[in-house]
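Those protein sequences? They're chains A and B, same order as listed.
Numbering-wise, the first sequence is residues 7 to 216 according to this note's numbering.
Numbering-wise, the second sequence is residues 182 to 512 according to this note's numbering.
Since the hints were made in silico from the structure, they are not lab data.
Calculated lysine to any residue pairs in the SDA-like style (CA-CA distance at most 20 Å, straight line):
#1 A/K39 x B/M182
#2 A/K39 x B/D386
#3 A/K39 x B/E391
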Amino acid sequence: MNTLNHSKLNGMFLAASASIQQQVPYLNELDGKTGDGDHGTTMHRVCQSIDSSLTNSERPVGQQLDDLGWDIMSQDGGSAGMLIGKFLMGIGAGIAAEEVNTEQLAAAFRSGLDQMVASSGAKPGDKTMLDALIPAIEALEQQARQGASIEQMFEQAVKAADEGFQATKAMVPARGRAKNMGERAVGYLDPGAASMSIMFESFNQYIAAA
Amino acid sequence: MKKFINLSENITTELLQGLAMTFPEKVQVLSEKIVARKTPKDPNKVAIVTLGGAGHEPALSGFVGEGMLDYSVVGDIFAAPGAPKVFEALKMANCSAGVLFIVLNHEGDVLSANMAMEMAKREGINVKMLLTHEDISAGLDQDIKDRRGLVGCVPVYKIAGAAAEAGLPLDEVFRIAEGFNKNLATLAVAMSNATHPQSGMAIGDLADDEMEIGMGQHGEGGGGRMKVQPADDTAYIMLDQLCEAINVQTNDELMLLINGTGATTLMELFLVARACHLSLSDKGAAVARSKVGEMLTVQEMAGFQMCMGKFDSESLSYWDKPCDTPYWTQL
Chain A
7 MNTLNHSKLN GMFLAASASI QQQVPYLNEL DGKTGDGDHG TTMHRVCQSI DSSLTNSERP
67 VGQQLDDLGW DIMSQDGGSA GMLIGKFLMG IGAGIAAEEV NTEQLAAAFR SGLDQMVASS
127 GAKPGDKTML DALIPAIEAL EQQARQGASI EQMFEQAVKA ADEGFQATKA MVPARGRAKN
187 MGERAVGYLD PGAASMSIMF ESFNQYIAAA
Chain B
182 MKKFINLSEN ITTELLQGLA MTFPEKVQVL SEKIVARKTP KDPNKVAIVT LGGAGHEPAL
242 SGFVGEGMLD YSVVGDIFAA PGAPKVFEAL KMANCSAGVL FIVLNHEGDV LSANMAMEMA
302 KREGINVKML LTHEDISAGL DQDIKDRRGL VGCVPVYKIA GAAAEAGLPL DEVFRIAEGF
362 NKNLATLAVA MSNATHPQSG MAIGDLADDE MEIGMGQHGE GGGGRMKVQP ADDTAYIMLD
422 QLCEAINVQT NDELMLLING TGATTLMELF LVARACHLSL SDKGAAVARS KVGEMLTVQE
482 MAGFQMCMGK FDSESLSYWD KPCDTPYWTQ L
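Just need the whole structure built from these sequences, with the hints factored in.
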């Protein structure tokens, strides 16, 4: 497929929400190694917002994602909740139409990423969710430029997200609560990057089956 | 996990209701997670607002009341409140004298605070933000921005609150509170892990015979791990680092807080306090004011935070002013 409509975009996020909700204990456990053990709980709240906000596609897509982002930020989910809220608001602000082509889709994700980066100030290699998200979105952009289909875009993005996630294992944390552990956090995967990797895996599965 | 809780997602709301029911003459809960004074302050005086996660009781909301905080915005357990809720509190606090917004340096708190500040400025609210960051566990050479805010927020609330109550303008309240804030240092030590009350997970991996100096607010790791030491030795290791951090001199008038983090007895805390007093008097420095007890806890973590600050005549006079909050009352 070469375009994605509003209802399918909602479907992608609902699919991601369902997968993440199944991984709540795993995400809490990962976070317990280097943080305070609540990343899964936070993501559970984010997912509940997604589930209740994206039930239909009656409102304009940009408005719906903006409202969802604000709702997620209101869930008291610490920094992860706020950054994911910003990410969705950014996608909402950057999405060109109810039905977008591949380049417009990549541009919308880029807008989400830019909003998140502007709020967090984290850099690649800081052992955060950005280490999975940045390569995934770069893969979307690269695929779109090469004229790939939406299926191919997400197929490559999930690989990039997973590689980025696995690479967090060797990183020394520079942001978030894990930062205080310094070198001792090396050898542990970043829970935020895990969430992003699960999200892209679900996007890919949904798109492949859609 | 053994804890007396009901549904885990309701803990924060229920604990705030319990606080307000226990101290109905002092505090009330507005909009579910904003704790406010029962009797609002005169709008010609600066309002003091703070934010933070729950699970650290009595902090932060236990210090809402006359002479300290006006509003405390609460998130969920160990998690910052979202920016929309914080903005709502800043709008409630907005008054002719302006708002001092005291934020502990933690990623989520700061992120939420910065977003709420943007919204408040757009709305024309006169608000100044003060960041507490007195944890020295990362090392003295560390950028101040990379130090966490621990129990030191509580005396900052006290001093800022008293200056606001005295009717000083916002810039003056900020100057006095920030002056005290700059001369604060805290170290935490933990000897057992905390449990996250929602996930039931142990946070940290301290062995039975270990302790760790430099533990953060939520039990996250941070510094030196060693075999458990006696009270005196533990106190000396920490005290020496604090004295160096704030450059303690003979004749300094010091503040000393020994804050239990949840599972350390008052008996132990007094042993630690004693060691600090003796060691400081050996150095020729005087503890002018001190407090021992639980101010900012981390669930059932065993350990304490040792916080030291330097007074000048101005901050000392505001420390001595009356206050009437659920967990700090001074005549």
